[in-house]
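K.L.:
Residue numbers (the numbering used here), protein chains in the order written: chain L, 16 to 279; chain W, 4 to 331.
Watch out, some of these pointers could steer you wrong.
[Unchecked claim] The list that follows gives simulated cross-link-like pairs (lysine-lysine, DSS-like), each with its CA atoms no further than 30 Å apart: (1) 219(L) <-> 219(W); (2) 120(L) <-> 77(W); (3) 219(L) <-> 246(W); (4) 120(L) <-> 219(L); (5) 246(W) <-> 115(W); (6) 146(W) <-> 77(W); (7) 115(W) <-> 219(L); (8) 57(W) <-> 120(L); (9) 115(W) <-> 60(W); (10) 57(W) <-> 115(W).
Note that these hints are calculated values from the structure, not bench results. Because the structure is a prediction, the values reported are computed rather than measured.
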Amino acid sequence: MTAIPTPIKPAGTAPQGMGATTRREAWWREPLVIAVGFGAFIVYSLFSALVWGPVFGAPYEASGYLSPFFSPLIRPDWLPSWFSPAILILWIPLGFRATCYYYRKAYYRAYFADPPGCAVGEPTIHRRYALEAAFPFILQNVHRYFLYLAFIPLLFLWQDAFLALRQGESWRIGLIGVVMVVNVTLLTGYSLSCHSLRHLVGGKIDCFSCSRGALLRYAMWQRATWLNIHHMRWAWASLISVAVTDLLIRLLAIGAIADPALRF
Amino acid sequence: MPDAQLNVFRGLPGEKSRFEAFEVPVEEGMVVLDALHWIQGHAAPDLAVRWNCKAAKCGSCGAEVNGRPSLTCKTRLTDYDLDEPITVEPMRAFPLIKDLVTDVSWNYAVNKTIEPFSPPADVPQADWRWQQRDVERVQEFRKCIECFLCQDVCHVLRNHETDSAFMGPRFLVRAAGLEMHPMDQGNRREYLKDSGGIGYCNITKCCTEVCPEHIKITDNAIIPLKERVADAYYDPLQWAWRKLRGNEGTGARVELPVLRGPRAAAGDPAPSDPAPAAAEGPVARADGPAVCARRPRRSRTSEPKPSPPAVGGEAARPPRRRRDRGTS
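Could you build all of it, start to finish, from the sequences and the hints given here?
P.N.:
In structure tokens, the structure reads:
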């Protein structure tokens, strides 16, 4: 078929300008909560990764527990003491979340006001903005590569969680160990509910019944879809659990809390 | 029940528009469209309102009620605080015709630019066989009633002035329904990327929030299409894999759910067939029940490629038990 150019839509009568709307309800509440929540996490994670250890001397590992921000721990001898090993790792989950379809929706609304809410006017400076059709946001298409990479630290986090419960020949079911298991479970749920994974495991094929391989991929696609429905919840729960896990390990390291544990 | 106060948009193109207030007696189960009809009948017979079925199936009565794009025939007055006035406006993303009626003809022009359903010409329609699992995704998209509320709420269409066109969520849904159809041979990825402007969508999900048919527009249509476009244009690993396999197109292989049986082999098309059956084709087999045939998808250039002969191993495969709940 010869490509027919899509016509450009004629102008409507929507009120223009930031916040212009006739909506009555508090449409600004959701982006505000998201902006505050993300902001708090970003500030905390930067503080924990860059400042807490070098400046305040709070270790990122304590009593066999390793902060998830630093796993897998890469600490070669030549690394200067002021350089946080978290920098070598954090770009992977950061890139994975920054290009995530859920987070894109959330931060486009909360931070870029593009749009701030549905049927709500946005800053007039946006009017000629090319969104994900041009640089830099066209780079969001690399999300699948961050997905692949995200499984590397995830495997190490499972190892960390196991090692937190297993102390030599005995078991230690401590508060922080349990939190670490919950954390890595939530991170796994977040990764497996990814839209790109849902596409790659089966969404890209058109006929699910046409081969045994396609049937297997259909089964995987169904499970990915089941997880994907709650992708937003996985995203928030895992974001909070990472911060809480790190905070507990730091507090344990500086002696502010204890780690009650069952040992057998 | 207290009366409702409706502030209704009034105006013509090129004139200064205004809101007119009307007091409307409210009855049990009354919807906004009922109130507009009451206004037409009792206070403003020249009020322009587009409507048809009053059953939320024709998609004609879309408007913005208290700023939210809605079907007025599905929006109950009692969902609102009747102590406050209810604002009714036209769909603001489209040019105004009069009062609550807008010109949505641009949508029909966009629709014509999409490559239509493209089944293989050499497979008679009577031989199409697929299972429910193959068309569930497409069936969701077929629920669309073309009310264009998603187009109205989409901020790219509503607020942006893009240099190139953006087809909008309604037509991304249509394109997804075609792209994911097990019998479709078309390839709309280049169209989606360039003419359709899928990159303009920044997946803020407003379209999903307003859809009266509850189609998961963003999760089930737009994001899968974005991923398919990424497969074709933004994924170097998949590009290398396609090179390795010698497929210069998008690399997607389509396996067709079609019947292979004596009738198909005999070139005996059913009366309703859209195209004659090929005497020798990728799906023609002398024996065996319904199984699937495989053929390469057309390349990105949309030029049809010659169909290869059927793979012998597939024909020899034992038939699966048919457990489909029906075909369509």
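K.L.:
Would you mind marking each hint as holding or not holding in the structure?
P.N.:
A quick look at each hint next to the structure:
1. 219(L) <-> 219(W): Holds, at about 17 Å.
2. 120(L) <-> 77(W): The given pair, whose Cα atoms are some 28 Å apart, holds under the 30 Å limit.
3. 219(L) <-> 246(W): 18 Å, holds
4. 120(L) <-> 219(L): Within the cut-off at roughly 22 Å; holds.
5. 246(W) <-> 115(W): 33 Å, violated
6. 146(W) <-> 77(W): Holds, at roughly 16 Å.
7. 115(W) <-> 219(L): 25 Å, holds
8. 57(W) <-> 120(L): 34 Å, violated
9. 115(W) <-> 60(W): Given that 30 Å is the threshold and the Cα spacing comes to 22 Å, the pair holds.
10. 57(W) <-> 115(W): 28 Å, holds
Going through the hint list in order, the structure does not satisfy hints 5 and 8.
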